[in-house]
Structures are given as structure tokens and as C-alpha cells.
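With the hints as extra help, turn the sequences into a complete structure.
Heads up: the protein sequence lines correspond to chains A, D, V, B, G and S, in order.
Here the first sequence stands for residues -16 to 316, numbered as in the working numbering.
Here the second sequence stands for residues -16 to 316, numbered as in the working numbering.
Here the third sequence stands for residues -16 to 316, numbered as in the working numbering.
Here the fourth sequence stands for residues -16 to 316, numbered as in the working numbering.
Here the fifth sequence stands for residues -16 to 316, numbered as in the working numbering.
Here the sixth sequence stands for residues -16 to 316, numbered as in the working numbering.
Everything labelled a hint here was simulated from the structure, so no lab data went into it.
Just so you know, same-sequence chains aren't split out, so a pair can sit in one copy or run between any two.
Within a straight-line C-alpha distance of at most 25 Å, the following computed DSS-like cross-link-like pairs (lysine-lysine) qualify:
{"id": "1", "residue 1": "LYS98", "residue 2": "LYS88"}
{"id": "2", "residue 1": "LYS(-10)", "residue 2": "LYS88"}
{"id": "3", "residue 1": "LYS158", "residue 2": "LYS88"}
{"id": "4", "residue 1": "LYS200", "residue 2": "LYS158"}
{"id": "5", "residue 1": "LYS200", "residue 2": "LYS223"}
{"id": "6", "residue 1": "LYS158", "residue 2": "LYS98"}
All of these numbers come straight from a predicted model, not from anything done at the bench.
Protein chains: 6
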Amino acid sequence: MADHRIKAFYQRQDILGETYEPMQQLRFTELATFMRVPLVSDLADVDIGIVGIPYDGGLTARTGARYGPREVRNQSSLMRAINVATGARPFERARVGDLGDVRFKDLFNLENAIKDIERTFVRIAESDVLPLAVGGDHSVTYPILKGLRSRFDEPVGLLHVDAHTDTWPEFAGSKFHHGAPFRLATDEGLIDPHRTVQIGIRGGQNFADGLDYSRDKGMRVITIEEFDDLGWEAVAQEAKRIVGEGPVYLTFDVDGLDPAYTPGTGTPEAGGITMREAQRLIRAFSGVNLIGGDVVEVSPPLDPSGMTSLNGATILFEILCLLAEHVTLPPID
Amino acid sequence: MADHRIKAFYQRQDILGETYEPMQQLRFTELATFMRVPLVSDLADVDIGIVGIPYDGGLTARTGARYGPREVRNQSSLMRAINVATGARPFERARVGDLGDVRFKDLFNLENAIKDIERTFVRIAESDVLPLAVGGDHSVTYPILKGLRSRFDEPVGLLHVDAHTDTWPEFAGSKFHHGAPFRLATDEGLIDPHRTVQIGIRGGQNFADGLDYSRDKGMRVITIEEFDDLGWEAVAQEAKRIVGEGPVYLTFDVDGLDPAYTPGTGTPEAGGITMREAQRLIRAFSGVNLIGGDVVEVSPPLDPSGMTSLNGATILFEILCLLAEHVTLPPID
Amino acid sequence: MADHRIKAFYQRQDILGETYEPMQQLRFTELATFMRVPLVSDLADVDIGIVGIPYDGGLTARTGARYGPREVRNQSSLMRAINVATGARPFERARVGDLGDVRFKDLFNLENAIKDIERTFVRIAESDVLPLAVGGDHSVTYPILKGLRSRFDEPVGLLHVDAHTDTWPEFAGSKFHHGAPFRLATDEGLIDPHRTVQIGIRGGQNFADGLDYSRDKGMRVITIEEFDDLGWEAVAQEAKRIVGEGPVYLTFDVDGLDPAYTPGTGTPEAGGITMREAQRLIRAFSGVNLIGGDVVEVSPPLDPSGMTSLNGATILFEILCLLAEHVTLPPID
Amino acid sequence: MADHRIKAFYQRQDILGETYEPMQQLRFTELATFMRVPLVSDLADVDIGIVGIPYDGGLTARTGARYGPREVRNQSSLMRAINVATGARPFERARVGDLGDVRFKDLFNLENAIKDIERTFVRIAESDVLPLAVGGDHSVTYPILKGLRSRFDEPVGLLHVDAHTDTWPEFAGSKFHHGAPFRLATDEGLIDPHRTVQIGIRGGQNFADGLDYSRDKGMRVITIEEFDDLGWEAVAQEAKRIVGEGPVYLTFDVDGLDPAYTPGTGTPEAGGITMREAQRLIRAFSGVNLIGGDVVEVSPPLDPSGMTSLNGATILFEILCLLAEHVTLPPID
Amino acid sequence: MADHRIKAFYQRQDILGETYEPMQQLRFTELATFMRVPLVSDLADVDIGIVGIPYDGGLTARTGARYGPREVRNQSSLMRAINVATGARPFERARVGDLGDVRFKDLFNLENAIKDIERTFVRIAESDVLPLAVGGDHSVTYPILKGLRSRFDEPVGLLHVDAHTDTWPEFAGSKFHHGAPFRLATDEGLIDPHRTVQIGIRGGQNFADGLDYSRDKGMRVITIEEFDDLGWEAVAQEAKRIVGEGPVYLTFDVDGLDPAYTPGTGTPEAGGITMREAQRLIRAFSGVNLIGGDVVEVSPPLDPSGMTSLNGATILFEILCLLAEHVTLPPID
Amino acid sequence: MADHRIKAFYQRQDILGETYEPMQQLRFTELATFMRVPLVSDLADVDIGIVGIPYDGGLTARTGARYGPREVRNQSSLMRAINVATGARPFERARVGDLGDVRFKDLFNLENAIKDIERTFVRIAESDVLPLAVGGDHSVTYPILKGLRSRFDEPVGLLHVDAHTDTWPEFAGSKFHHGAPFRLATDEGLIDPHRTVQIGIRGGQNFADGLDYSRDKGMRVITIEEFDDLGWEAVAQEAKRIVGEGPVYLTFDVDGLDPAYTPGTGTPEAGGITMREAQRLIRAFSGVNLIGGDVVEVSPPLDPSGMTSLNGATILFEILCLLAEHVTLPPID
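Below you can see the structure in the form of C-alpha cells.
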């Protein structure tokens, strides 16, 4: 049974004065916070904080990811309390709050936008809240990692599902775009390339630099072909072996999935991971020392059926289940 | 300048401790409450309360209006503070809150659902909060009027924009469907048919009962053809003459608009009002003693471009501007 | 009250043995015949026959009109028995049947397809059934007129709403395409150009031949600019003056409407007629000696919201109301 | 070769007096009955009857399934006579008729709607016609089973493909919703839980009751994870072992499929069965003593590409092929 | 008849060696250059150059306009050679070339992007080619005007159709966004506010600065309400009076149109200009000393039916017809 | 490194006189030629020529494939230079040009259209350019093969991925439809049925003729079920064994893929190949003596998310990589 503090956390009062849990209401009702958890601004109130990062200034191709948090919130009303496959009940283990969106003071400048994100995650890290972010394009993961850096003595490990290694150099005049976060993070010692695994890599490239960088630095690159040959279970074991015991961040770019599951994304690549594989893969990461995660690159304007947002919300829920394993409720103050 | 209590009402704190106004943020950010106003459950905090009524159990044709509040909230982020055409600044005159959704305890039973709605509006009426509702199908207006009845000594006047008179008798086994609210309201003395005007009426019918009822009871039925001949300005004058000085409720069924503006609605009828006409018509109602209003029949699944929700949100804003005329800030307690 | 033979005509028995009228059922139920009237193959049973012509082999640009009959049937379930604007009750005056689709034996050959259509309309003409056709592209109107020719001593008048005059010469190797029916019909004496009016003409052209042909032959061409200046009412009066007392055929190409009302059509031209104007225009044709009509160029694959099919079905209903004026029930045999 | 009575059954006459088979015509022509078979109201004329159940009053989340029969009919025009994979030719073995839609007298009352459905299936059962139903939401299967009960001495077995067990208790004020049919059917002895297999189960839940009920009563629950591990072939063998020799009903909720195949459904759950697996699974049920079946939860308004309806129609055809195995043509009367 | 140099300009050779005009081919064939004119990189070859500016970094709300040039090119294949309403034949008067897209070296930096645009238009101005640009968001018009400045002794006049005055100050950290081009252009003496008219202004605003700026500087602001009251013809006369005899630039933001005509735009405002009005308005500008123009804010990802791109292409053609009035073919060299 | 002639081939000059490669630009910029390669009309300039065949007159069901070349060109901007999975760099090995579209002189006559296609491919064959075609419906492959025949002494082998064998006899009055190309090609000795393999065959049929023909003539038909049982790798080996050493043509009908990957196609069949399988399958054909290929049946109007065109473009790129293996740069002349 859930701690009564947790129970109280999820409750809201309606205008008739009745107390109820929004998450338990009809799924087309209530405000579209992430999974209809409470909107919170005091970090002391939460164990896990879900943050929207409505930013797509780092995109090099199809725009729209700035609406990702809005629509993932919307579709996440279809999520529920118990993970039937694993038995996980994250909302009984942790106070999960919607922390709102990162606020951008300088929308038009990539470098300043990055600072707005970093500042937010520094604050989260200081509060010992486990962060779960929803992009936005993949450029947002670099400032997230930068913000979290203070909490750890050493570079963190990285579980990275994606069609692309995102370890590319400067492009179109900037090194801070959505194809570069893990090169930046490696160069600045935020992640440990030897404890980094990149899963689902595929698609064409105009240059080989990114792939070469990943491999040269010692990252384990599992292409979709290798994934296909090994199967999700062996991939998961290999990934766990590589990230080891230390703290690990999980970043999930929805373009790692096949476009049949995610038509609404900025850089679709044919021939990707299925949702069935993705869910089992993530669940198999159970036990990893996870310190945060994100789901990025959902682009609602390109998603006429809403399927991409729905799948994004589902991945978010699966990662939340992993994160909740690591919550120990704070002592009563 | 806005009263400082009003200013404070609209402010929120982010997790960095900074104070800001969500309505002034980038339009793809922040939680999708109606126009990004605060979510409120204590009625004492607000002057005007916007309520979602995610109910479409009264529909006789195309379903989907249960998602109306969700998507009107979503698109209403595109609304802003000043009505350029009229100069109205509703958020400087009034504390406008999102009161959340009516909660349904018995989704599958039309009569009980009606009671859930009525109970909510009784409470709002008792609190002297001006209500603005977003449906849901048009069946919701009957329990709204029932809930508001207590506040008034006599039946209220009705400004009603719609393709249909919604004064039909029992259909498919119930008298409480979306084609009947104003017959029920007349029969029960909630509205005064002699102070009722129905604007935009058109389309086919299988029986003449509804139209006959409206006319027999003394309602002023302005068909789209008469509207076309007179123009919005003369129609507005005629409507104001009819509703007179007493309290008036304004109900706007988006199917009163032409389907070119509202493809996403349950009972589209070709050949309706344009948005340009609709906005000018509503603005011309300025001065009417308005006690509440609603926008109904937005059906998001039938609205691939989101245009219906956007137009619905725009109508909502125009009605809000009218309602705000009647707010006198409560004395400091 | 409707003749009992008419009443019986519209009734169907369900599998429980109960008798009922499909048109009066819930609008999402029953088979999607045109307006849910009975499917009939014996012409003796009907006064007005609606025929689908699922042919788009005459298109020169965007395909898809072969699905026009299917989707107009689908959306026409939203039509009802009484025309509220005019009071017309066509289903009480006439036995209106769905005659099914013209059957094509040679899909790939435009000339043979034309013969398949002509043969069908010869048969309808012989049976004294008033025909109402749903295309398909506009090339189908030529064989319709050819089929109906036998019934009349002289060329018929033509009420023609369209963005294009459709009086163009051979194009892309054939003279039988969707831009040519009224040149063919004039050349073969099927229509009288002096009793022909073309309404809504606009858009670009690569050659002037078609427009020149129309004007040279004496057709009255009312461009959208002239329509805009005169208004629907004066246009209707002018059109009635031109077609006069003799038999008249009404052909309505949905691209005469603005693309805001008909995104799903093969040759959209910006800046057209509104549905409100179109409905009033057609109704003002009341009294014309109408001998048949059609609605063409609905292209469902280009119509994500279904609006074009809905407007097409509405136009179909308006023409049906006109046609029903001319039905005198046959004596009981 | 098909019995001449069967051949005659499928023929229709066009208005030219020519006899032809609608199913053999161009696929965008002819009325959209299920697979373009004849519309029949006399049950004596058919061996297998396909019934539309345009009802979605039992839905708890996204509406729209009331348009399921309409669009499955529409897309089923793409089905053909021979199942290439199995060689089955159902239309040569059986007279398959479209029985029209269940007619609802009381749309707004779930309990009465259930009675309307039950009454229809009692009549079908009495006629020895094999029923194949198209929903509508899954609440319709309970009254189907109730209607068929009279034909059998004992509870029937159940082959159930779905993301959900649909064995949940009362929700939102009713026990008759789309998540409950198999709890109701078990409690009333309509199905034998020990001869019931539920395939594809997954997704989140807010309570464990439904799953617990299924397992406690002895149903065989095959989650998607178990399905993934075993493969379709072993699952089919296991399912056949469980349902055994007695009469079996097959119910297919399209949300058992992955949302990539069925975006248009009311309660999508990521990570489901593929169509390739589903077709092979159903075909492997050959030999089971099938007494009827259904396809439910197709929700056209949420299906922009029509893919869900197409896949639903395909599943319908596969089940039809199984049902046709059990038809012995009645002796000539 | 067209000059033979002009004729030759439009011809292309196919791989069989045959010479033909792409613009005269079937409209679904040939490369999607603007109106299928030749792609040109030597400015000496053209009289009028159409340039794509695939930039949407200046957007403050809904993204996607970077795909504007691509889709306007696509839909512009539906344009043709003769403007039926005016008789204009621009391709017989002028060599109209597609100059390709502005190339961005620094996608992520608004100020540098602006320089890339400016540099391009400086070059065009130097070549005496009349420019016609397709955005992209409205921020692109400022660098266009800057680029053209060199050609003129004084600030140019401005015909500006839009929902917004686009004279706002710094927002979200930059003064170079899509709501500011005409404030920047006024401040830098690129346009003459006393010879500037802004047509179609409406919608909400969070601050009054922009409107105040326009009026304070002496621009003529014609709101949609004034437009509605005056009619397109009087507005056109007033506009021509204001811009006078000097050089004038015409900028058309498609959000000046009602969203029924342009659902696919970044900042839709309900209640705008119709396409019929817009076309007549632009044509009435005939005779103005036009030196260039643009169509901006087409956002294809938000435009499921393609209607916005089609209307954008139509506006482009209308402006092209005006520009072609000013071409005098250069003497044979 | 690429030969300098190849490098020069891909370069273009912008209006500023700067030289650059369009393929390396931002992916939403530049003209939408296939993969943004140069548009070429002199065959001497290219090694591999990609030709659009915007023809869908051979379709028997859902139209729209005439827009296939346009949208495959559009989506192919997302392709890049290096095939990450195989390391292939086709644009460094060969001059790949966009040859434009086949020009149709007689759109309305299937037989003449076929001649237009044949004539084009005769010319390509004579020039020793390797052809890669993009349909259009599958009827176009017959005249392609006919055009290429002259280059070879004997019938070529065929790698054919499809849901259908396309070896059907006359249908709807013509033997030249999209279901017949390989019957025609066999009968005329264009392909060798014993060196033909058909992969992915499935779906219903109204007659068995086509399948019987394929098998009777000795083609190797691999149904989707056999494909599923064997896996892509064994299928590829089997296919290579069958086509042997001689010249082979590869034809890829996108309906061979599951509709989840290709909703936008004319004859979708549930339960097909995944993109992951398809890509690996094609890559495994490496080493086959490929003389040309095509991708057909992309139907953009039925493809709301653009996924079908994207997957079609991806298949095109994979085939291009195979073709480029066979290019030996011509000696410098």
C-alpha cells in the first residue's frame, strides 16, 4: 500500500469540495499534466519530477518538437497506475509531479536556450529530485546532463536509444544542434563513453564523423542490424554490462523507433525498433542505477493520428517505472 | 491598470522560484488550462470561472465532443490579453480561473450525468462566480441553466447561436439529448421564450416539431437566410431588443458556423455563419446583462487541422470579454 | 401527407420482421445509399433515380473522383427529409431510389466508358425517371446529356455552376476529358448554348479557347467577379431568364465553390462561391423546368475532414428538392 | 464449383436488366455492404449473417466506434473471394449476407441498448444462421453471447484477442461497459472460463481486478510478452487445446493489434500483435468448432488513413473463412 | 504574342531531345519549381525572380514555415498562364525564373540568417531583377527590404496584408522575430510609414505597443472590421492613395486570410479576409509602382488538405501578374 | 575519394555565384529532385538516371499514384550520401541524375501511354545509362522492360517484391493494367520466368489465374507466409540462387510492405513485409547483376503522414546503392 503522504500528494479538491485523484478519473477529463499528476513548483514536494522542454531550435530538418511536451502530456492521460507487464506501481512508490515547462528567456539563441535548460536541471539536481524530461529536440539532453553533473563525482553512463549517434560536429554554424549532444557531453566529461551504449543506429549520413567519433571514443554502437540479429534481450544484457554499476542516464529519441510507430518526428529513419521491442528493452534495464531520463523528438504537427505522442507517453511511463525503483520516501519532516 | 489582487491571481512560481504569468509566456509552453489562466478549486478566488464539460452522451450523430474541453484548452493558448477590436482587457478586470472539468460519476446514464452538471452549476451560482462553460454536446446547457436558476427570480433571456433550435421532443428514447435543451428549459421555466432569440437556424429536419415549438412559444427564430438578408448588425440589434434588460445567458453551438470554419462538430449543416460575422455579432451584444455563457459541440476527432477548436477558443474569448464587463471586484476581505 | 405508395416505398423490414424507414434511423446506422433511400433496380418503382458514376478517367490533374459516389453516399446520411429553408419535402412527393452505380465494362478506355454511361441514361430516359447523378469527374455529364437526348425534341437548357466553362478542345490526346463536356454537348446539339448559363467561372487558363468557345456560341458566362458584384439573387434571376421555359439540366461541379468548402476536388480554384450563396442560388432556380441534374468532382482522398462530400451531399439534396417539384405520381396500375 | 443456389444468391440485376455479381465489380463501385454481399432481411436466405452494431455507448475513453460498421463496410470492398494463404473460398461454400445494423430504440441507455442487441442475436440463433458481428465497442459482445446462449446446452468456449481482459467490474456507474463483457458472460454462464483464452493482454491498469478475475476463474491469459516469447504458432496450439471440441465464439478487439496497425481505436495500447501474426493466428484456429465471431473497437474518426478499418475488414474476412468451414448448405426446400 | 526570347526561356529539352514547355504539361508532372518555370542561377537570364526563403527561426508560436517554399512550389503547379479575371499573361511579358532558395550558412542564429537573406537580395537588386519571395516566416521581409534598399533613393511604400501589424518591439530576447519586420524597416528608413498601409489587422494582443507604433508613425491601419465595413474596393482605393506614385513593396502574410482558407499558418487569427476578397484586392493594386513582393507564413505541417499552400500559390500568381506589368524586355544584346 | 568529374557533376551555382552541393544543404531547402541530384536531360552526363513515371491509368482500385514521383522526390530530400548499414557511397561512384518525368502525349489511352514509357526507356538503354524508375502504378514496369529489352540478348531475371504476382490476364477491358505487367513480360520474352522470384505474395483474389500463371511458368513464388517462416536472409539467398548470374531487373511494389509502413498505396494488403526486413533483403541482393529497378505504387493522396513516400524514397536509395556497384566511370573523353 502506498504511504499516506504519497496518497495525499495525488489528491485534488474539486469546486464542490470533494477530494479525488485526477489520475483515476475518466481519461478524457482533467487537465493534461503528464499522466495527470499534480502540477508542482516546490521541488520539496516531489520525488520524481517530469519537466517539459518545449524547444526545437536545435533541429536541422523537420520542425515541430516544441509542441512535444504539450501533446505527450495530452496523450499521457491514457497511461495508468499499474504496469501490467512488470507489476510496477510507480505512483505508489513515489510522488511524481509535473514540474511545468522550462521557461525560455531567449527563444532565438541556441546557446542561451541551453543555459535556460541547464539552470533548471541544476536546481532539480540540488533538490535530489529524479528528473524525467520530455523534449523538444535532442539538443536538450546536453544541458540536462550539464545540469545534473554537479550531483555526481564522475561522468555518468548513458543508455541511448536512437536512430542516430548524435555525436556529430558543428553543423550549419553551431555545435549545439540536435545531432551533437553526446559529443558535447563526452568532450565535457558529462558522460563516460566507455559506459555509453547507443541502440538502434541506422539511416544514411552525409559524413562519417559522428559514427567515427562514437566508436573512437569507445562507445558501444549497436546498429539496428545488430539489434535485429541479437534480439532485444541480448541487447539489454550487453547494455547493462556496459553501463555497469555506476549512475546512468537514459535518453530515448523516438526516432529510434520505426516511423510506423513514430511518423511524427523530425528526422525519421526507415527500419527501426518496434514498440514491442522497445518496451521489453526498457523493462530489461531494471536494476540499472538510473538517475534520470528523457523522451525527445516527438513532433506533433507531423503526427496526424497522435500515435507518436501516444508511443512517446508510453515510453515515458516505462522509464518512470524504472526511476521509481530508486525512490526512498524521505523521512517525515 | 489592473488591481494588484488581480495581478497576483494570474502569477505562478516556477521551480526556480521565479514569479511569472503563464499567459505571457511563449504560446506553445505552459499547461493547457483555458487561456492558461490558473487552475482553481476555491470559488472564492475567482470572478469568472471557465468549466469544462467533457460529456457527449447526448449526441445523436457523430461523437467526439467529450474531447472538446481538452482541445479548446489546447488551442486557447493562442488567445491573448487584449481584444484588439474592442479594446476589452478581461484579465485586467476580473480574476478568470479554470475550474477544471465537471466530474461524472455515472458516465453511462444521461439523466445522472445531467445531475452531475447541475450540481456543479448550483455551486457556482451560489458563489456569485460568472460561469463560462465549454462542452461537450449541447445537452449540457439544460443542466447549466437548471443550476443557475436559483440565482434569478425569473426565467432568463437567451442569446442562442446555432444551426438548430434544439427544441425537439424525445428522440431515440430520451428527452435529454443534445437537440432538446431549450425545450426542457422552456418547459421548466428556466428561460423565457419571449426573451429568447435563436440565430443561424438552418439545415434539414425529419420533423417540424422543434421549429414549431420555438415559434409557438414565442421565441424569435432568425434563420440563416434572414441573417444573410439582414446582416450581423441588424440581427444584433434585434436580438438585444428581444432579450431586453433582464439577465441573459449566451449559448454558442459551433455548428451555427459554416462547416468551413468548424468541420469538427457533431451535426454540421452547410451554409452557416462566418467567423467574421460571428465575432462582430457577439461583440455587438455588449451591454446585455449577461450572466453566463457556453461554447459547445467542438468535436476534436473530426477536426484534422484543429481549426474548430481554435474558432471555439476564439468565441470563448469573445464571450469572456462580454462577461468581464459585469465584474466588480469584490471588496478586500 | 405522403401518398401511401410513397410511404411504402421507403420502408424496409429488419431481420426481426419489423418495418421501419431507414432515413429516420440514427444517422450513423443503415447502409450508405444516397440519403439512405432504397436501392432499386426496377425503374418502374421510382420517380427520381440517383445514380453513382464512379469514374475519373477524364481527369487531367488530381485523381480520386472515382470515390465520389461512395463518400457522397456516406455523408448524405446526414441529410434529412424536410428542407427547412423552403419547406420542400421531396420524399413525400416522390419515390426517390438509389439506382446503384453505372457499371463500367472497359475502365481503361474513355470512349467506351462514355458509352457505358450513355447506355444507362438512355434507359433512365426511356423510363420517365428523373435522373440525379453523382460523379465522378465532369466528363460524365456529356454521356448523361447524350443519354437523355432522346426524351426531348430540342437541345436542353443548361444551368452550370463551375469554376471552369468545360468547353475546351482536345487535350492530352482526347476530346472526351473533364474539361470538354459542354463543347461536345453543344457541338452535338445536346444543349442550347443560348439557353446555357455558366456561373462561378474563374482561375487561370493556359489557352483562351474554352472561354472563347462559350462566348462565341452564345453562352452566358458569369465569372465569379460578376457573381460577386451582382449577388446570388440577381444571378439567379438572370439565369432563369436565359434558360427560359424549356427543359433544363442542372450540373454542379463542386469546384465552383471556394476550396475552403471543397478542398477535396480535382481542379481547385481559389476564390469561389460560398455554400450559403450556392444553396440560395439553387433554391432560387425553383420553377425552372428541370429534367435532371448532377453533382460532380468530389474527390474523397483529398478531403481529410469529409467536408467536400458533406457539401456535395447538401447540394445533391437541394437539387433533389427542385426535381421533386416536377413529379406527378403515376396512376395506380 | 459453387452450388447454383449460392451463385444465384450473390447476383444482382442492374437497371439495364443485366445480372452480375457486385463482389466481382471494380472495388470502388457498388454499395458498401460488408464485402459487397447482398443486404438481406430474411434469415432463411443466408448461412452466415454479418451484422453491424453501431454502438459506442459503452466506451470509457475515446469515442467513435459507432461509425465502425460503416467504415468496415467501406474498406471491406477491398476484400476478395479467395483466401490465397489458405485456399478458402467462403463465398462458394456459404450464402453470406449483410443483415444490416442492429436497430437501437433507446440510444441513451446502455441497458436497453444491450437488450436491442440481444434480441437481434436471439433471432439469429433461432434461425441457425452463423453470426459475424462488427462493432461498435466491446460492450456489444456480452449481449451477442446472451442472444446465442439459447442454441447451446452449456457455456461456450472463447477465443479472445485483445489488449485487455475485459473482465472488469462496475466502472463509472455501470457494469455494462466495454471493459466488462467477459466478466458478465462468465458470471451468467454464457462462456466457460476454463475454455477461454485471452491473447495479447497488456497495457497499464488502475486496478488489478480484471486480470485477477480472469486468472481466478481459470481463463488462460496470454500476455503480449508470452505471445512474443512463444510465437503465434505455439499460442494457436495452446488456444486450441484450451477451447477443445465444444462450441467456441471468437471475439477480436482490434486494440489487440499494435497501434501502428490500428491507430483508430478507443483504447490503444502500445506494443501489440502485428497483422501478420494476427492473420496466421486466426488461420491456425481452423478446425475449431466456431459458432460465431466479431470484430470490435474500430473507431473511424481516429483513423486518418483508413488503415484500422482496412485491417478490421481483413480480420473479418479471416474469421469468415473459418466460419464458412462449418456451413452445410441446407437441403433444397 | 510573346517575344521569341521569352518563349525560348521557358523551353526545356527532354531526354528524347524534344523541346517543350514544362508549364504546359500535365499538372502532376515535371519538377516542382515555382509554377514550373526554369530554375535559374544567372540573374541576367530573368526579368522576375522567385526566391524561396525556407526559414522559420523567427517564429514565436507554431513552427513549420521552413517548408513553405517547398509546398508552395508543389501546389503552384496548379497555376496557369493566363489570369482569366484580368487577362494578364505574365509569362508572355517577362522571363520569370525560379532562383532557388536562399542558402543559410548559420541556421541557428537569427541575425546571421538575416544577413544571408539580405546578401541575396542585394544581389538581386543590383541585377535589376524584380524579386518575388516565398517564406518562411515574416521575419524574412526585413532583410529583403534591406537588400533592396540600395536601388532606391528613399524609403519605399508598403502594401501590407496581414492579421498583425508586425511592428512589435523585442520579444523573447530578440528584436528580429516575425512580429517585428516593419518596426525595424521603419526605424532604419527602409519603408516610409506615411506611405504604408496595413490591411486585415485583428486578433488579440498581450501589449498594445505594435499597434501604437504603427499609428504613431503614421501608418494607415485598416482593421478587419474597417475592411468589412468598407469593402475590398474602397480599401484598395484608399491603399493606392496612400502609397502614391513612388516605389512600393507588397508583402502578403497568409494569416491575413481567415483560417478557413489558411489553416496552415503559424499564428492564425479567426475572422479574416476571404480569398475572393484578397484576389480582387490585389488585382485592384494594378498600376501601383511595384518593385517586389512576397508571400509568407505558409506552414505545410499544419495544412492537412494543402489548401494553405494552394492559396499561397494563388496569391503568388496574382502578385506576379502585377509585377509583370513593370517589365520591359531588355534590348537584344 | 570521388572522381573529380563526379564531384563536379553534383555541384550547382547559386545566384551569388557560389558553388555548392544541393544534397549537402539543409534538408528542407533546394528543389525536390530525386535526392536533390541534378536535373539532367543529356544522357551522356549520367551513369544512373532516375526517372519519374507519373502515370496511374492502369490502376483498378484506389487512384493517386500519378503523384508518386512528385512526393517521392519530396521525401527523398531526407536521404543522404552514405548508407550506414553497408558503407555504400553511391554518389561517389556514379553520376546520378534526375531525368525528369516521362512525358505523356495521350494521357487517356493506356496503350499509348505505355508507348510513351517504352520510348523513353529505349533511349535510356541505348545510352548505357542504368535506369531507376519511380511510378506510377505497376503497369509502368512492362514498358520499362520492353524498352530495356534491346540491350540484352535474352530475357532478364526478375527480383520482384510485391503483395501480388501481377501476372493476371485481361481485366476490365484491358490486358495492360497494373496487375498484369509480368504476364505480358513473360509472354513477350522480356523476363525469364525461371529466373523470376516473387516475394511477399498474399491477400485475397477473385480468381486464381495470376498465381497459377506464375507457378505454371516456373516463377518462384514466395508468399508472405513462406517469407515469415524462412526469414529475410534465407529468402535473399534463395532469390539470388534463382536469378543467377545473368542480368536482373528489380521491381519493388510498395504494397509488398505491410500497410502500417505504406498506408498510401492503391491496393493495400494486410500482413506484409516490414521496412526492416525489406532493407536487409535488398541489401542482401548485393552482387546480383542488376540492370535497373523501380519503386511503384506510392499513392500520396492516401498517405496523410507522408510515411509511404518516405519509405518509398528509402527503398529507392537502397536500390540505388545496388545499382551503383555496377558503374564504371566512362573514360575521359
